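S.K.: Using the sequences and the hints, build the whole thing.
Each chain, written out:
Number of protein chains: 4
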Amino acid sequence: MSDNRIPVAVLGATGNVGQRFIQLLENHPWFRVAELVASERSAGKKFSEATVWRLGNDMPESVRDLVVQDYSADLQSALAFSGLPSEVAGEIETRLAANGLAVVSNTATHRIEPDVPLIIPEVNPEHLAAIKTQQENRGWKGFITTNSNCSVMHLVLTLKPLQDAFGLNKVMVTTLQAVSGAGYPGVPSLDMIDNVVPYIGSEEEKMETEAMKMLGGYDGGFQTADFVLSAHCNRVPVRDGHTECVSLELGAQPSPAEVIEAFEAFRALPQELELPSAPKRPVVVRYEDNRPQPQLDRDTERGMASVVGRVRPCPVLGLKYVLLGHNTIRGAAGAGILNAELLKAKGYLNA
Amino acid sequence: MSDNRIPVAVLGATGNVGQRFIQLLENHPWFRVAELVASERSAGKKFSEATVWRLGNDMPESVRDLVVQDYSADLQSALAFSGLPSEVAGEIETRLAANGLAVVSNTATHRIEPDVPLIIPEVNPEHLAAIKTQQENRGWKGFITTNSNCSVMHLVLTLKPLQDAFGLNKVMVTTLQAVSGAGYPGVPSLDMIDNVVPYIGSEEEKMETEAMKMLGGYDGGFQTADFVLSAHCNRVPVRDGHTECVSLELGAQPSPAEVIEAFEAFRALPQELELPSAPKRPVVVRYEDNRPQPQLDRDTERGMASVVGRVRPCPVLGLKYVLLGHNTIRGAAGAGILNAELLKAKGYLNA
Amino acid sequence: MSDNRIPVAVLGATGNVGQRFIQLLENHPWFRVAELVASERSAGKKFSEATVWRLGNDMPESVRDLVVQDYSADLQSALAFSGLPSEVAGEIETRLAANGLAVVSNTATHRIEPDVPLIIPEVNPEHLAAIKTQQENRGWKGFITTNSNCSVMHLVLTLKPLQDAFGLNKVMVTTLQAVSGAGYPGVPSLDMIDNVVPYIGSEEEKMETEAMKMLGGYDGGFQTADFVLSAHCNRVPVRDGHTECVSLELGAQPSPAEVIEAFEAFRALPQELELPSAPKRPVVVRYEDNRPQPQLDRDTERGMASVVGRVRPCPVLGLKYVLLGHNTIRGAAGAGILNAELLKAKGYLNA
Amino acid sequence: MSDNRIPVAVLGATGNVGQRFIQLLENHPWFRVAELVASERSAGKKFSEATVWRLGNDMPESVRDLVVQDYSADLQSALAFSGLPSEVAGEIETRLAANGLAVVSNTATHRIEPDVPLIIPEVNPEHLAAIKTQQENRGWKGFITTNSNCSVMHLVLTLKPLQDAFGLNKVMVTTLQAVSGAGYPGVPSLDMIDNVVPYIGSEEEKMETEAMKMLGGYDGGFQTADFVLSAHCNRVPVRDGHTECVSLELGAQPSPAEVIEAFEAFRALPQELELPSAPKRPVVVRYEDNRPQPQLDRDTERGMASVVGRVRPCPVLGLKYVLLGHNTIRGAAGAGILNAELLKAKGYLNA
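As given, the protein sequences belong to chains A, B, C and D, one line each in that order. Here the numbering used here is used: the first residue of the first sequence is 1, the next is one more, and so on. Here the numbering used here is used: the first residue of the second sequence is 1, the next is one more, and so on. Here the numbering used here is used: the first residue of the third sequence is 1, the next is one more, and so on. Here the numbering used here is used: the first residue of the fourth sequence is 1, the next is one more, and so on.
Source of the hints: derived by calculation from the structure; they are not laboratory data. Note that the coordinates shown come from a computational prediction; the quantities given were computed from them, not determined experimentally. Don't be surprised by glycine CBs; every beta carbon is placed ideally from N, CA and C. Worth double-checking, as some hints may not be accurate.
Restraint ranges, calculated between C-beta atoms of paired labels, are given here [what the hints assert, rightly or not]:
(1) Arg302(A) / Gly251(C): 46 to 52 Å
(2) Asn169(B) / Asp164(A): 29 to 35 Å
(3) Gly251(C) / Glu40(D): 54 to 60 Å
(4) Gly347(A) / Glu40(D): 55 to 61 Å
(5) Ser255(A) / Glu113(B): 31 to 37 Å
(6) Glu264(A) / Asp289(B): 35 to 41 Å
(7) Gln271(B) / Tyr218(D): 56 to 62 Å
(8) Glu40(D) / Arg312(C): 37 to 43 Å
(9) Asn137(B) / Asp58(D): 47 to 53 Å
(10) Gln271(C) / Gly347(A): 49 to 55 Å
(11) Gln271(B) / Lys45(D): 32 to 38 Å
(12) Gln271(B) / Glu258(A): 49 to 55 Å
(13) Arg267(B) / Glu49(C): 53 to 59 Å
Distance condition first, Cα-Cα at most 20 Å in a straight line; then the derived SDA-like pairs of lysine to any residue [what the hints assert, rightly or not]:
(14) Lys45(B) / Glu288(D)
(15) Lys141(D) / Glu113(D)
(16) Lys170(A) / Gly318(B)
(17) Lys170(B) / Cys314(A)
(18) Lys46(A) / Glu288(C)
(19) Lys170(B) / Arg312(A)
(20) Lys45(C) / Tyr287(A)
(21) Lys170(C) / Glu249(D)
M.R.: Shown next, in the form of structure tokens:
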């Protein structure tokens, strides 16, 4: 591969999300991993020595010998993907963005700030306009963009075509979330053998807040969408793939067939721009009674699609369906990479 | 034990629910298992030879040597507990009831018939009045009563005090159901390792129909309750214990504290009559963030209570909570036994 | 793909092994699936209508519209891959082989017959000589070859280089086997949630018998290898990937380092012939303390390698190690395909 | 309960083993929990406030209001049960024993010391004689006794009657161990969903060393038993209950029936003394093909027995069987309590 690809840094490289960034960037046509950043414990070691690789097979050859840098490092890359733990993300991402980097973050820290875009390229690419405001407000040469929490990501991706076609009034969602969302070591096995845990700290609040930001408009500032959302979040014994049971009150009262048609027809900017990581179909519909299932459907469109099924009337709110999405690909690292591709396509990366 | 206890038959004795009946009736103060009925494959054998016991430890000594009778047997007992498969339950239960037995059935077949009581003793004991109508309509000497589906049982038990105190308009429930509800062999392990299945055949319909019947009144006939219910049913990798995420619109708008107070205060006829299998508290409230959990809470009150937690406001419907209940004890065999205790206490068993 | 590939039939096409055959043959350079055979229940339907596809994503486009034939069909293909249930395999495979087909079978039925080769291409390709005897004995135009049971396959693949280098006296193996080995529905989830089952019917016997046949020589008839083997077989809650704990008494007394060297150096006929499905390394060595693991290592070499680790002294027998292999790829369908590739490379397929 | 029971302390009270001590001592006829010790994080709080109770239902009322003491506390009790983490156990247990307490420890720290008894009451009660030596050597008023690692406990309990009846030459064991053995949070769920881990740090070494000590004699010092043992240790997705596949070379060559007879006949000092926690049968034999299983058998004799099954010839070593034992009851806290009961019965507690 003759390599004039853009060199990028991965922050939090040894963690679960960091490893996914590295895995998904292997053989990426536009980006190549050039720098790795992790905590002091790993800094100064080769990546292959600092890291227990947990994604199956072996870590990509191209990163094995990269020497891990610590959090205070001055980076050469103009673009950084961040899977930093939230305790440290705020300060590090801020410093790098101030110094001129484009920071594409998967961390919750900056998501809700009033001049930081929280982006799903199929949903609210116009929010990128806030980058300019952010730079002006903060006197930064670089900037931060963020992607959402893994559970709200897939929900919003399926809500977008319905909001556009029918309007959105009320959303009720119950999640059955995979353990990989909590990182490693994450959820203890004693909580996940013959058990479910009906609680994930701050998750319900994040779903409610982030959905409102992403599905709201932008007119020089982010507008909050005007529907209400209620979430019940559960942890279940599944490795990857969040399942979500959704009931909706829409503005119009479409039939299930019309809703399915809206899902099937949904295409947006990433598909139009043919971004490398964009799924051909952002929302994929399954027609079997008992689908989607994590085991069978989480890798649909290389983990970049939301898969819906069981679209049917809801006696209480009007419409219901089930959705399933890969939480560490489209729900985390893949989301960041798609955001970075959008940034490049739109001219925000002048590396 | 000087034994003037009432001899009873267990129908479908070798199955999962049948085994639970036998386990829960061991040392029962009022009833003793005297007859066992199963399919031809088991008939004529000693129970210990016909049955693979799946409930831990060994089968009770008292039933080991009972010879299993086939479906056509004439029974000596005046009371039969039925865990028959639905394919055969209709005909067998009908024949036995016609011949004079009180049939206490866990099977779905007769639940919705207009003269068959579908009973939770804490909820609708007044529905027992339909027994007389049933006997008149059908010219039967005996009768059939039924208990509900395992997932709606616990929901209705928690809805009852709220309906009484505040009125009930709308109920949205998403279940995370244990595999024991599907019997043995039941759900294949390939569907339950690193997976959930967002569908259980007919379950959503049963929840909607049965809740309406049980929470409706009786005025010579069953009235349908006038609220709407919507269910999403999921199978998850848990052995015993259904978890349910509930959102409600009540008639009044109580605070979470008032709702908790209604749960805590709830006592009903079985508690008043001190029926042997009645839980002291039909609804038990947990106050921790991450409870109830199947592993920790399913055996509360010997599996006869519904355990609720996370009572909080719902942005869409007003109130939400999580409930957990043992699906093969209070949700099946234990429910039948409590129903039989109520029948005896109310004079319907004249054995 | 300009298609002068050899058309092949898959017998038992709707089952777990049949689906794996179809999945692995998609885009195969030498073979193309042209005919599908299954039981009467499926016969006459399009494959896409007859089959619930259980391997993730969707079934290959190329087979969706093939009409399933029943067990009595006369096939056009000259080669058939069989994943038939053992109850019917004997008769059907016999009829097809008599009629001229090369039947490559994954079923146990014919494995131990004295003129039927039980082949691992890296281990005993010389056993193919028995095909001629088989045809003479039986007056057949075609023939049957078989691959071994999934648990003994990987054991034998790792024993072969040790037998060659050091001689083999005693083998003790304890397996932790995945549920996919039992097909679908297979093992009930009630046996696999918070449980292991220390028994798999006939499995220990198969391991002992099949290993002796494959590691024995051929001198006009199969010789039984002259070592002893003892197996403990367990079912554990894993989808794919059998783990096996092995202790050995070898003829010589190599150090762990010498054993590892023998594993690392192992190459055989499929590697030499560059058969399309052959792993580059039939035995892959992991050096971490806690590997191999099913989750991380089962897809090594596209599921066609055995992965070993923890090579160390055994106080009782001299040497011990852990091995891990994909049970439905190298342990079943992939084994059959590699066998067919060997048959073609050696001129046994004259289609 | 008129309470002249002996007051005892539980060290490491908030951990998994500590909670089991408390649960099993609830309603104990000889001991009552009077003092609780844990790390600084918990010290000074009521136990109910310091502890997340993880054993189902609620913590015993009797300990809810006890104030947790820190590691440096001077205790009033004359007997302490220790479930301390190994990092701190050495120093704390030493200090308390020096000061006069009988310390009954589940921690590995002191197990192998040449004057510290490592006791299973059915196996080597004569090792208690070392207490006197220990006190003399160290100038202590109190003393330390220990129980073994959870996986070797059940193995040794089943080896003892065979050693006595037939002599013991070689033992090969492969374990499938439950996650509760690693405490909480312990094993990450990402390692235990669709996976096994073929490694537990130091476990194989502990099994080999501790078995030799317990099955060796005592003649003023501990003798090492003269057989060899080889262990493969695996972690599997089971909550409680270690399964172990055992192959043996005995001195004599008994038939499986004779071995079963030795298991069935095994009774020892705890049964003779009728110690309160002693199982009636230390080794329980199951005769079904597919037993013992964790789910069905771990609670046999209230978790205090080892359950064996599948006793059959081993082609390599002569005899093989499967065993199953509860790892946190007989394998940890229950073992300590039985040891303390033996100490009392033998006059070592003069509280």
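S.K.: List, from low to high, the hint numbers that the structure doesn't satisfy.
M.R.: none
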